[in-house]
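Q: The hints should help you fit chain W onto chain G, whose structure is shown.
So you can see what is in the structure, the chains are spelled out below.
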Amino acid sequence: MLDGASGELGVTRANWFQSGLVAATALASGGILAGGFAALASSSPTHPGDVEVLNFALAFEELQASVYASALRGLKLTGDWLQFAQVVGEHEHEHVAFVRQALGSAAHPAPRLELTHHPVTLVDFQRLAAELEDLGVALYNGQAGNVTPPTLAAVAEIVSVEARHAAWARDLLGEVPAPVPSDVPADITQVRAKLTQIGVSVG
Amino acid sequence: MADPTALPQWLERFDRDGALAEAACQLTTTRRSLLGLAAAGAGATLLADPAGAAAAGASRSDVSILNYALGLEYIQASFYTEAERLGALHGPLAEQAHVVGAHERAHVAAFRKVLGAAAIKEPTFNFQGVTEDPAAFRRTAVALEDLSVAAYKYQAPRIRSPAYLQAAIAIHSVEARHAAWIRRLAGVLPAATAFDKPLAPPAVNALVASTHFVSTPPQMTGHAAPKFTG
Numbered sequence: 001m002l003d004g005a006s007g008e009l010g011v012t013r014a015n016w017f018q019s020g021l022v023a024a025t026a027l028a029s030g031g032i033l034a035g036g037f038a039a040l041a042s043s044s045p046t047h048p049g050d051v052e053v054l055n056f057a058l059a060f061e062e063l064q065a066s067v068y069a070s071a072l073r074g075l076k077l078t079g080d081w082l083q084f085a086q087v088v089g090e091h092e093h094e095h096v097a098f099v100r101q102a103l104g105s106a107a108h109p110a111p112r113l114e115l116t117h118h119p120v121t122l123v124d125f126q127r128l129a130a131e132l133e134d135l136g137v138a139l140y141n142g143q144a145g146n147v148t149p150p151t152l153a154a155v156a157e158i159v160s161v162e163a164r165h166a167a168w169a170r171d172l173l174g175e176v177p178a179p180v181p182s183d184v185p186a187d188i189t190q191v192r193a194k195l196t197q198i199g200v201s202v203g
Numbered sequence: 001m002a003d004p005t006a007l008p009q010w011l012e013r014f015d016r017d018g019a020l021a022e023a024a025c026q027l028t029t030t031r032r033s034l035l036g037l038a039a040a041g042a043g044a045t046l047l048a049d050p051a052g053a054a055a056a057g058a059s060r061s062d063v064s065i066l067n068y069a070l071g072l073e074y075i076q077a078s079f080y081t082e083a084e085r086l087g088a089l090h091g092p093l094a095e096q097a098h099v100v101g102a103h104e105r106a107h108v109a110a111f112r113k114v115l116g117a118a119a120i121k122e123p124t125f126n127f128q129g130v131t132e133d134p135a136a137f138r139r140t141a142v143a144l145e146d147l148s149v150a151a152y153k154y155q156a157p158r159i160r161s162p163a164y165l166q167a168a169i170a171i172h173s174v175e176a177r178h179a180a181w182i183r184r185l186a187g188v189l190p191a192a193t194a195f196d197k198p199l200a201p202p203a204v205n206a207l208v209a210s211t212h213f214v215s216t217p218p219q220m221t222g223h224a225a226p227k228f229t230g
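Note that the protein sequences, when read in sequence, are chains G and W.
Here the first sequence is numbered in the numbering used here, starting from 1 and rising by one per residue.
Here the second sequence is numbered in the numbering used here, starting from 1 and rising by one per residue.
Only chain G is shown next, with the shape it has when bound in the complex (with noise of 0.2 Å):
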């Protein structure tokens, strides 16, 4: 977990909590609710709660994917925002995968995101992505009660690299990267009427 750190976090008071968190994450406990995804992948959901939250989800994490894509591809992206797209770019493409994958043969991605337009400006793709990025941790958040045990421990996995992305793209962008001490969830209702207004067709 912290292994990117190992440069930085050098030999020093704090390093019990380094080499013993990477040790301590390798030994997580087994269980149904230990697998996350690799679990989740096993056997596609059944429940209609999951299937309908987790095909959402796709849709979400293909449109993020896209975003992150055309930017990459578009824009002369340099220094950090290359460093953040392509990072957080590989995440979603990886999210997507495994959704994708945990989802089987119930996989229909409802709706259908598409951006009306892709981001044309540098600034263009820095709001969308920290807009979107936020609105992926009000989504996440606001199905965690609509989803069976297995699949909540499957999508926990995702959320909270949402919220990390969306903390780093607030920082770079100079707001506070968490400016709430409790994340406010938004059901699909409210998800979709941002999506609206961000300029993206709900299909």
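There are no misleading hints in this set.
Going by beta-carbon spacing under 10 Å, a handful of chain G positions derived as facing chain W:
id, residue
1, His91
2, Ala144
3, Val159
4, His165
5, Trp168
6, Pro179
7, Val184
For the record, the hints were derived by calculation from the structure and aren't laboratory data.
The C-beta atom is built at its ideal place from N, Cα and C for all residues, glycine as well.
A: Chain W alone, transformed into the frame defined by chain G:
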């Protein structure tokens, strides 16, 4: 596998007088009370509506999970509060400690209010000097925030009450924002991997114990009666 909802050892150490165990036994665990709570708390976050849950009662396992979360929040709140008070941080790091500290204190207050008499008491801490040095503070904050994300992630699917689940999941993502923020300040990737992994209580407890941050109050250790100097 150990009972995932059992009170972790490092929390049991805080409960020397048995107040938590006793309170947990008194709480109702009927289906009806859980459903009543769900209806009353639907859509409300812990922080927006902190009063409703305690009165309605909660399952014993939920009380354990909430106290476990409270324990983690106690550590974080004290860590940031002390760092800010000692004044060794400046610039962006000081701002991070100020904002995040306020969040962690809000989390503590919310859990304490929900748990009422069942809330574990705050232990005393000895942060071993890491709150007095910016570099040590930064490294420790990264570790604490990443640990917190992993600990909440393990517990979330095990929470029975929809209202508590909503509250915990909304705090879980804020801890991830904190983690990303301090990682940026530490010069490491805010989001290192596409999936964040959960961490079970034994591993969390071992890590917390290894810090020696939690110092049991002297009058609660050993067999001797406390010495009063007043």
